[in-house]
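Participant: Given next are the chains, with one letter for each unit.
There are 2 protein chains.
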Amino acid sequence: MNDAVSAPVLQVVGQRPIRPDGADKVTGRANFGADLRLPGMLTGRVLRSPHAHARILSIDASAARALPGVKAVVTAADFPEPGNQAVDAGEGAATLRALSENCMARGKALYVGHAVAAVAATSPEIAEAALALIAVRYEPLPHVIDVEAAMAPDAPLLHDDLFTKGVTPRPTAPSNIAEKIMLGRGDAAAAMAGAEVVVSGRYVTAPVHQGYLEPHACVASAGADGQCQVWVSTQGHFAVRAMCAGLLGIELRDIRVTPAEIGGGFGGKTTVYLEPVALALSRQCGRPVRMVMTRAEVFEASGPTSGCVIEARLGANADGRVIAAELVLKYQAGAFPGSPVGAGCMAALACYDIEHVAITGFDVVSNRAKVAAYRAPGAPMAALAVESCLDELSLRLGIDPIELRIRNAVRPGAKAVYGATFREIAFIETLEAIRNHPHYRAPLGPDQARGVACGFWFNIGGESSAAVHVDEAGGVTVVSGNPDIGGSRASMAMMAAETLGVPIARVRAIVADTSAIGFSATTGGSRVTFATGMAVVQAAGKVVDDLRRRAGLIWECPLDQVQWQGGQAVCTDPSKTVKPLTLAEIAGRSARTGGPIAAHASLTAQGAGPGFAVHLCDIALDRETGRPTVVRYTAAQDVGRAIHPSYVEGQIQGGVAQGVGWALNEAYLYDDAGRLLNPGFLDYRMPVASDLPMIDTVLVESAPNKRHPYGAKGVGEAPIVPPLPAVACALSRLVGHRLTELPLSPPVLLQALDQPGAAG
Amino acid sequence: MNDAVSAPVLQVVGQRPIRPDGADKVTGRANFGADLRLPGMLTGRVLRSPHAHARILSIDASAARALPGVKAVVTAADFPEPGNQAVDAGEGAATLRALSENCMARGKALYVGHAVAAVAATSPEIAEAALALIAVRYEPLPHVIDVEAAMAPDAPLLHDDLFTKGVTPRPTAPSNIAEKIMLGRGDAAAAMAGAEVVVSGRYVTAPVHQGYLEPHACVASAGADGQCQVWVSTQGHFAVRAMCAGLLGIELRDIRVTPAEIGGGFGGKTTVYLEPVALALSRQCGRPVRMVMTRAEVFEASGPTSGCVIEARLGANADGRVIAAELVLKYQAGAFPGSPVGAGCMAALACYDIEHVAITGFDVVSNRAKVAAYRAPGAPMAALAVESCLDELSLRLGIDPIELRIRNAVRPGAKAVYGATFREIAFIETLEAIRNHPHYRAPLGPDQARGVACGFWFNIGGESSAAVHVDEAGGVTVVSGNPDIGGSRASMAMMAAETLGVPIARVRAIVADTSAIGFSATTGGSRVTFATGMAVVQAAGKVVDDLRRRAGLIWECPLDQVQWQGGQAVCTDPSKTVKPLTLAEIAGRSARTGGPIAAHASLTAQGAGPGFAVHLCDIALDRETGRPTVVRYTAAQDVGRAIHPSYVEGQIQGGVAQGVGWALNEAYLYDDAGRLLNPGFLDYRMPVASDLPMIDTVLVESAPNKRHPYGAKGVGEAPIVPPLPAVACALSRLVGHRLTELPLSPPVLLQALDQPGAAG
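Keeping their order, the protein sequence lines are chains A and B.
At position 520 of the first sequence the residue is numbered 500 (my numbering), and the sequence of numbers has no breaks.
At position 201 of the second sequence the residue is numbered 181 (my numbering), and the sequence of numbers has no breaks.
Isolated chain A (complex conformation):
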């Protein structure tokens, strides 16, 4: 197997071949979650709570069941009583019970849009009519939406049995605070008291949705013998299998989940909403059931990420060295515990080497949709607070913002507050890449300002499987179990091609279903290029070993005299006058040298290598209308080594676009009854192409990941972290005072311009 880090020249890795899924996606041939049709297939629809908080007194579905064309009706009574065991459901749910009750309300409805029943019928129209015939008697209860209001001792309680974890002694009264997290080192309070400069602020962010174009969609089919199949747009079909099995009391082996092409996930497709419901409906009637959310359902009932309140305080010496940090993070979890506050606490200060740290986090439930993972979950909001404080410090001390960060930056060997010791990281080089970029020195126009901010993400490894098959003509297929949300088919094919020494045009990559490939953890955590890539390289390496063995058989030459060079077997025995054998030649003779050529590898990968991002954002502000315009944006990132640079750039550009939307416009707006006011793309304002300039990217490859054969680190999540503070800092400089609450939409900015201290 090639050792990439020491490999002399890479032939494929680092190139930019055409993306394999491109033609199908632009011509409409790609099949997404809603595109499958099966004989006898029914349409499933969900009845959702109109109340933000209500006891469900009764559900009478008899009229719906009697409607001709209705084949199945389910409520929570059709799901097994869930237990409290932990379940891996992305960031989404901590217990089987919570996951079950989020899919189908049991006893209480906890947010507007919470599923209370579902029907399957022979047409969408009949299904909708059936929903209207289901009589649900509710007892409305007081509700709470705001995170700090939910923390108040007298707040309406969502769960009678929720007692705050992480506090001693164990509380005797239930609370909306699901967990309190404490993280730190040194003596932050004392250090803060001795700091020469202290900056602080209270930062607030709104919940924002992942905004994937494709709504949740699936088809489920249960056989009379209990064998189930699910087709679904998901980031993790193995996780869908596990969750459906857990929620319905089915054995894993009795469910086969096939991933459709996925129209965006960004973390939000790591849990289940419709899948167990469709399966329950199918089990009741024995016919396949297709369910597709409307856009309103996506907004109301599938996970945004948390809105937060973060109190931050940094203490520094006059030279800009930060010596103390105190953070309090309050994250909305939605209706069930499980916000990303833990990751937020761990990531908040990971860029910086600070001696005295005290971080407190709160995971808080309220009457909103349960949050789901969203790119670098929990980190962007924490970065808003920390980077804004650093920007304030930079202004106060008159130190260049990059220089200030370089003075505090973690270096290889540094120990993060959350416990990790960094190895080959290139944060300093990434900061310097931005400092040396022409953008950093470019003059600003009138009413323009520049924000700079950093971001961190852990990146993970985990369990992956891959197989590599060689066809009779020497073509290669790479099989993995990870839905391709960011170019993994391209990068898997490239790593296989590199290892085999063949052109990328010879390699195809597919994503296989849960039965056809070994277990593979969900596509998320920026893990796939790293972990699944390692499995692919291992499998391809086994194929190379096998090809050498077969060449040796053909030549009657010992294995140690057969080398694999440039996609061919070469005999190093000078007494043999044999021509090299290409992959295709060996493949053509495989039947007589042991059969088809194929190999499999499964592993648990460790050491994905954290990601560091440094962003630079120029914004113009129209002082008449409050309209901000991002006029220039440059993003640098420590990427280890970019397998397919265009995809890495795309990940960075996508992260920036989403971060800018989060900073400037996106928010969940509720009325007094707890109803979401803007559940659609017309009213929930995401950035479109015309809202953004071309986003320039700088890939820092000076520290390839030594644990990955080609040096890859995770790259997909770090880029969404800096835009919130980069945008907020630029706009703060424009309005002349610190802006602390997102989104910074035109009305907010107009108001800020009117405030005392505003620059004019």
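The hints are simulated quantities; they were obtained by calculation from the structure and are not laboratory data.
Among these hints, one or two may not hold up.
Note that the list lumps identical chains together, so a pair holds whenever it fits in one copy or between two copies.
To be verified - Straight-line Cα separation of at most 20 Å, SDA-like style, residue types lysine to any residue; simulated pairs:
#1 LYS5 - CYS265
#2 LYS5 - LEU18
#3 LYS5 - GLY266
#4 LYS686 - ALA153
#5 LYS5 - GLY206
#6 LYS160 - THR144
#7 LYS5 - MET21
#8 LYS559 - GLN548
#9 LYS686 - ILE408
#10 LYS5 - VAL668
#11 LYS160 - ASP126
#12 LYS522 - ASP540
#13 LYS5 - ASP234
#14 LYS5 - GLY203
#15 LYS522 - THR584
#16 LYS5 - GLY630
#17 LYS556 - MET666
#18 LYS395 - ILE39
Model the placement of chain B on the given structure of chain A, informed by the hints.
Facilitator: Frame of chain A, contents of chain B only:
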């Protein structure tokens, strides 16, 4: 890995678990070739020749193309000019050219029903209307249907460039005789001249169709980037991939073929008809195209097996010892070379140890649909001739028919005429099983007679791939690349369960597409339980090794002190007081012991072990109407070891049913213009349940196959070989003279009863 043959007690192999595909098939949930629906999918239809033999002067499709809703029209001009390279197309086609021209006529139409053009349109009605708008100008040519007429020097020639292979010097004139085969040993003519008894006959059989319930059906989709997908009811999706690639000039790696559930194949679904056409249509219009044959198209244009004329002569001593055999086999190939005459020649005398043998075979083209493989291709007709001669000999010499065969039977170590040396065979035991069966001694009723006959089939090994995946809860999935036509999902799961030591209920089996599993040769030749089973057992053995390794890791115990017993790891180190670890327990900890548990194996299997069958058939004949009734049937077979005895019995019963239909009723009937008169199940009379008694089976397991870990031999084909002679011999005894031409339908039998020499 278990060594089955020496394994003390098998826990799963030999049991009769419920078939895994049963519920889906009886409830209609199983999805066959025509069940897939894709967005934008079109219907494809084929325009077929109304002439048995005609030159195609021109094809004008302009009116069809102009019809609204028509999206693509193809003719042979849309296929690359095919070459003469050999292609593995089941028994069906010997060259790429023949395969191409059979899928779409080029220059000449060679049989009624030969495809000349195809359209894809937005509805079946529009597609049909478009066919009517395609103007084909034909120049009708004289045609020939009968095999001996086609061999005549002045017969109408199908192919100007067909010169008989196997004769020297190479012929200078083209012929309808594609090949002449000579096989033999000793001096048959001299031995025959010295024989004490000589029996001979001229035997004639009609072409019969495989009669699968599901017609040929597929969906093909070609992307703008050339990536193609095919969903199809087939016995060999890897072969479909190879044939489509060859016919359309596409790389193997650019075609992904997914096998649907298959509604019968019996050899007839080992080649392509619609698939390359659907793909060509899809490439032209960029939309998925579904094509499904009507039943008439299945009969007219998909392969029956050959009709034949066989001249047979056996010479024996008075003690019944056959010392000489002379056979001439003339097999119809249909419109292109490639009848199963070669296999017929090889199988004809394989049951018997005869010193002097001369066999001549002729592969003959005529204006009929190209034949395709049908269960033990070529052997049943040859057995009709040879076994009828033996029956005649038995009558002449007054030797019991079983005793006569035992005196001549091959034994382990015997060398077959076709070259093989038999190893662990149990032909003698199978003959004795029938002789000892109560049926053999049961009295016959009035107007009843008993036929006895033997049959042989080679069985093959070949290339197979398999994977075994263990889920997080210890469930097991077995993946193979062989469509399940005879219970392979059950037997693969059983062999994996046996090897792993877990109950069969824990194991699921799937058939994966061409991209998701390593190359696997077509399901046919009775190879899958043997060859793919070996791959499954190898992969499961690797999993066992891995499970032991992981248990050793958990226990910190060297590998050689970890044994796998009864589905658990057991530590044999007496100093360790550890409880055994079950598969599920090890699976639950797999993330920390190296990742997901999975293994893959690919191999070329050899030594499938030939199959020997001995059948006993009691028939009653209504002398008024000529109606024959099979009143009792017993079939014994050397099966090595039956993995799932019910399936083996089912294979035997199915083979008998098809063989009885072939003997009694089935035939292709043509009018003078070469048009098939009975292209439908109403007129082509296959036996139905009420036509047959319960067929008793005897599985002879005294000689397990030493090359297979659990002793399996191929079992699916041998059972169709003896019924033709068993039925014919019984009826011959009833009518009092030798019946030599199939089918023996009531009119034929009535006429036979009227012949001189008929018993009354």
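Participant: Taking 20 Å as the upper bound on the Cα-Cα distance, should LYS5 and VAL668 be classified as within, between, both, or neither?
Facilitator: within (19 Å within a copy, 49 Å between copies)
Participant: 20 Å Cα cut-off: does LYS5 pair with GLY206 within a copy, between copies, both or neither?
Facilitator: Answer is between: at 14 Å across copies they meet the 20 Å cutoff, but 35 Å inside does not.
Participant: Evaluate LYS5 and MET21 at a C-alpha cut-off of 20 Å and name the case that applies: within, between, both or neither.
Facilitator: Classified as between; 17 Å across copies, 25 Å inside a copy.
Participant: If the cut is 20 Å between Cα atoms, do LYS556 and MET666 qualify within a copy, between copies, both or neither?
Facilitator: neither (66 Å within a copy, 62 Å between copies)
Participant: 20 Å Cα cut-off: does LYS5 pair with GLY266 within a copy, between copies, both or neither?
Facilitator: between (33 Å within a copy, 13 Å between copies)
Participant: At most 20 Å between C-alpha atoms: does LYS395 with ILE39 qualify within a copy, between copies, both, or neither?
Facilitator: neither (55 Å within a copy, 78 Å between copies)
Participant: Within a copy, between copies, both or neither: which one fits LYS5 and CYS265 at a CA-CA cutoff of 20 Å?
Facilitator: between (34 Å within a copy, 17 Å between copies)
Participant: Treating 20 Å as the Cα threshold, decide for LYS5 and GLY630: within, between, both or neither.
Facilitator: Answer is within; shortest intra-copy Cα gap is 16 Å, inter-copy 47 Å.
Participant: For LYS160 and ASP126, with the copy left unspecified, which applies at a CA distance of at most 20 Å: within, between, both, or neither?
Facilitator: Within one copy only: 18 Å inside, 89 Å across.
Participant: From the Cα coordinates, with 20 Å as the cut-off, is the pair LYS160 and THR144 best called within, between, both, or neither?
Facilitator: Within one copy, since 7 Å is at most 20 Å while 88 Å is not.
Participant: Quick one: LYS686 to ILE408, C-alpha cut-off 20 Å, is that within a copy, between copies, both, or neither?
Facilitator: The answer is within: 18 Å in one copy meets 20 Å, while 66 Å across copies does not.
Participant: Using 20 Å as the alpha carbon limit, work out where LYS559 and GLN548 are close: within a copy, between copies, both or neither.
Facilitator: within (10 Å within a copy, 49 Å between copies)
In the structure shown, a violation is registered for the earlier hints numbered 4, 17 and 18, in ascending order.
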